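K.L.:
These are the residues of each chain, in order.
There are 2 protein chains.
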Amino acid sequence: MSQNKTIEITFPDGNKRTYSSGTTGYEIAASISQGLARNALSVTLNETVLDLSYPITTDGTIAINTWDTEDGKATFWHSSAHILAEAVEALYPGAKFGIGPAIEQGFYYDIDFGDRTVTIEDLPKIEQKFIELARSKNEFVRKEIGKDEALAYYKEKGDEYKVDLLQDLEDGTITFYTQGNFTDLCRGPHIPSTSAVKAVKLLNVAGAYWHGDSDNKQLTRIYGVSFPKKSMLDAHLEMLEEAKKRDHKKLGKELGIYMIDRMIGSGLPVWLPNGTVLRRRLEAFLRDEQVKRGYQEVITPHIANLNLYRTSGHYPYYADSQYDPIQVDDEEYMLKPMNCPHHHRIFSSKMRSYRELPIRLSEFGSVYRYEQSGELNGLSRVRGFTQDDAHIYCTHDQLKSEIKNCIDLTQYVFSIFDMPVDIRLSFRDDNDEKYGGDLEHWERAQQEIREVADELGLDYTIAKGEASFYGPKIDFIIRDAIGRKWQLGTVQLDYVMPERFELTYVGADNAKHRPVIIHRAPFGSMERFTSILIEHFAGDFPLWLSPVQVKVLPISDQYNELAHEYANEWKEWGMRIEVDDRSEQIGGKIRDAETAKVPYMVILGEKELTSRTVSVRRHKKGDVGTFSFDSFTTLLKNEISQYILPDKVSYNN
Amino acid sequence: MSQNKTIEITFPDGNKRTYSSGTTGYEIAASISQGLARNALSVTLNETVLDLSYPITTDGTIAINTWDTEDGKATFWHSSAHILAEAVEALYPGAKFGIGPAIEQGFYYDIDFGDRTVTIEDLPKIEQKFIELARSKNEFVRKEIGKDEALAYYKEKGDEYKVDLLQDLEDGTITFYTQGNFTDLCRGPHIPSTSAVKAVKLLNVAGAYWHGDSDNKQLTRIYGVSFPKKSMLDAHLEMLEEAKKRDHKKLGKELGIYMIDRMIGSGLPVWLPNGTVLRRRLEAFLRDEQVKRGYQEVITPHIANLNLYRTSGHYPYYADSQYDPIQVDDEEYMLKPMNCPHHHRIFSSKMRSYRELPIRLSEFGSVYRYEQSGELNGLSRVRGFTQDDAHIYCTHDQLKSEIKNCIDLTQYVFSIFDMPVDIRLSFRDDNDEKYGGDLEHWERAQQEIREVADELGLDYTIAKGEASFYGPKIDFIIRDAIGRKWQLGTVQLDYVMPERFELTYVGADNAKHRPVIIHRAPFGSMERFTSILIEHFAGDFPLWLSPVQVKVLPISDQYNELAHEYANEWKEWGMRIEVDDRSEQIGGKIRDAETAKVPYMVILGEKELTSRTVSVRRHKKGDVGTFSFDSFTTLLKNEISQYILPDKVSYNN
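Which chain is which? The protein sequence lines are A and B, in order. Letter by letter, the first sequence follows residues 64 to 716 of the numbering used here. Letter by letter, the second sequence follows residues 64 to 716 of the numbering used here.
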């Protein structure tokens, strides 16, 4: 091979440049700008993340990973885990190390402290050592090492966990990374130097069995998060603090939204009265929108014959997430894991003409999927949930306009909650063989999705290999009020199920054709979406969603009659009103209403009685003025019917 | 024993009379009036039905059973089954007889015709023979007979079915009944003479396995119905004809209400778009009523840990009607057979104060109960259904007013559909030991139910022994448009579950007390009620329930724009409107709308365009006049919001 070989590097914007073989990612970054090189943490070459110092010898597509990229953050946090281990080794000589990966928000390391116990109290000390080591500006040095040599190193060090890990590795693929005085068995990659890590917070200590197996020894897992700037850490800690206050499990209980009851079952939320109001409002809101957009609602049973899922192919392939079959006479039934096959059977229950298409079948359909008990979490990870599901059966020619309608509906829905949406087009990875259906259809569909996205002027990313096995999809990732991202609605194209269920319609040519199916669900799951809504609004729901909208607070018993009179008038308008007619001080009544996060408190006393006015307090805002009964009623009606957000209401009384 | 012993007979009105021992039911009837004696068919003494000729030798409560009573009809039809057998024996010598009971509407006899095949074609001939025999005025003669003698009779006759039946009978309890030339093994009782049967119709022939076991021989079951007057038969046949036209399975398919799909499962209805609209309207109607009456809605999962049903006692005692448990990790779960235990757990999820009571938890809760596949029938007998369930937790002092509220709600609900309601108070049978809970509570509850019924001025019957095991109940039996009776809503008191679930509230005395529970469900099951509604209205639903309320029919394409303009305005009001903008003749459009049973057809042509009016047709009524757009809109709004029935709308245009 020639030493003078050149490589062709393609950049994300499609530009190509030629470099001599052996050029490093750092050098490529520097060839673009010194600033980029300074901020680079690693590079991604053909979907493999590499050290900046790694000599590149093949053509490929490259991305320079800075802090603003997912790969960059992962590299940064993985390196931080090594610094944590270095700090621990310095403070606790003889500590043995398991694994120390980056996670979604930070990193952890599993450590065997031997006879010593390390608790949350010890974390500040370790943090201090961490920062000291980070400031030492040590480089991360990669070294390829033979398996025997590596085994010898860890046997001498007495770290049986690394020895255990080495057993499974193949000679010739093993690397060590060293920074300062600490060497770790590690595939890499790492940031160039510890100096990039300017701030760290060790968050928590937990027990973790080696290999996740309770027969093994329990190690101590230290969780942390680190940043290239101190201000970022401050913002992150503030967000965590805020998230804790908004925790839907805490608020869900306080506000009477839902309960989990052991006797009923783990992962099976029970919607309490306030939660049921909230959920019914969400359903009604979406149902109304769907009716306007030509959807038809259906209701299907929660169990079905196993043959239905054999036809769809969901059984036995997804048996791990399904419940065991139930024997009924000589047939087997299953709790339904999805609504799709039921809707396909409705479509095929009679002959369909092209004139009927598109047919849009929607259902608030409850499905049951097994989750390990350790994974269960409040409303956000459950074993039974209700999808705001729909399936659109259309011709190929209708596909673009139907996709457009779905995107429009999804964007409208999230705009109501003031949730910014990121859009990801999840496409097929041509190198992966898992995808079903006709390649030509796939390409046409992906092309059309892109066209629709462009025509709508959407800002989107494309994720290859993120499609579902039956077709490409559009994923909607929303950002909540404290900046966290949640993947919610999807719009999925499906070319496989029409074949499996032999769906046809009679075309204008009098011949039978296959329709295309679009699966879509803006909220995704009523349970998970509600958990996100609770945290997004911190329980301060907009008026139209609030379980109790107005609490009427008579100053003393003599105004109780007036309170009920007003309450009844508002109830006639369909509003959710409570009267606090206890013989309590008004201060106490206000305090209780504030605790219950009731949006409006209406205070009634002598002044209000004689002038037929109401003194109004808004939750968190305090007194917002005195209104005539009628003008306040109008204000309520407007705020409810226009889905106005709490912080956008104006009071011109 | 003295021959001059007397007996004391108590009549339903509480009056008592004394007779000499050995007096017959007929003589007792005659002692009241000759007319009563003439119309008497049997008597019921202390809940046992007896021949009119049976000598009565004990004190007791007596009812004289005429045609107007259930016991009277049953006697009449059972005797008719004997006449049927006599006719068959006359026409098909050597036919062997299984069993021949009275059923809800008539009677049947299972017959082995040997090598001969009897079909529906043969029924008129048998009917003729039946009437001829009935006119012979043969008496039914009862005879006590020894088991050996009875066995010998049937062995000689060669009727192995009667021999089989005799095996299980105890010597000394066996009786034969003879009328004319036919003798049957029979416990009785029977009407005095065949002459009471003036009209008969043999309705159907079906196969029926001996003892219902498919390993046994299949006999021929002949169904019939008979009456004491020809006019009654005519009315009955007319009703059957009408019922056939109204059959919810036929209309359910034609109107797109529901489907049963083998691939999804037997007995698991799928609600199609039109059915879903109808069901959602019913739910919304009841939900609104319930909110007004202080109910709180909840949503609970469709499966639960078996321990929940062990606590309620529903498992394993009702295992026959339940689906097999599903193993989840190391726990067992079951498809929920009822919603009650879930609600009880919501009640007990926090400390309750007497100030919170009554707590009224409602749920449109889907439950799953096993039914044999032969029993399944459209929407009326299914394996999965949704109850309009609610549980009211109250103090003993609140019981009467809560019962009153429940009765009021149920009566209101059925009044909307113009369904007359019969009320039955189902009380405990003190001789039966199946009843749970404290006797004192039972008596107080039964007393209070009676008081409430009297205070409300209800016309009710009392049925001893019809209570549920956990408390007395009130059953609502509605009559549909063609006079058939259906047991729907119930209101049940429950003293057992509060104990089993250890439900408590803190009283004003600061001590813990047990609440009482009321279970109630006006519709009972959304599926079954919908089947009854379809048949009650023959698919011509009131406007507020109609899946499509108005079909707009432009006379030609040039009026399509106007049609959509009007349609959109009505849709803004939440109305369900379709536009038939096909290029079809107006006659065809009207025909299609009539077939779909759409309540209103709005016809738009040149006249309507220029005058901004609408020509309106009402389904089945035809043209009802020309209205201004606004006045017709007002008419629609009134008819919908006031639940006006189709035949009660007035058109003052």
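Note that these hints are calculated values from the structure, not bench results. One or more of the hints may lead you astray.
Which copy is meant is left open, because identical chains are indistinguishable; a pair holds if it fits in one copy or across any two.
Stated by the list, open to error - The calculated lysine to aspartate or glutamate pairs, modelled on EDC-like cross-linking and capped at a C-alpha distance of 20 Å, are: (1) K355 x D644; (2) K355 x D643; (3) K280 x D222; (4) K313 x E506; (5) K355 x E632; (6) K355 x E624.
None of these values were measured; they are calculated from a predicted model.
K.L.:
Look at each hint and say if it fits the structure.
P.N.:
Status of the hints after comparison with the structure:
1. For the identical chains of this complex, K355 and D644 are inter-copy neighbours only, at 18 Å across copies versus 42 Å inside a copy, given an alpha-carbon limit of 20 Å.
2. Within a single copy, K355 and D643 get their C-alpha atoms only as close as 39 Å, which misses the 20 Å cut-off; across copies the closest is 18 Å, which meets it.
3. When the C-alpha separation of K280 and D222 is checked against a cutoff of 20 Å, the pair qualifies only within one copy, where the shortest distance is 13 Å, while the shortest distance between copies is 79 Å.
4. Within a single copy, K313 and E506 get their C-alpha atoms no closer than 47 Å, and across copies no closer than 45 Å, so neither meets the 20 Å cut-off.
5. For the identical chains of this complex, K355 and E632 are inter-copy neighbours only, at 12 Å across copies versus 30 Å inside a copy, given an alpha-carbon limit of 20 Å.
6. In this assembly of identical chains, the alpha carbons of K355 and E624 lie at most 20 Å apart only when taken from different copies (18 Å versus 41 Å within one copy).
Hint compliance for this structure: hint 4 is the single one not met.
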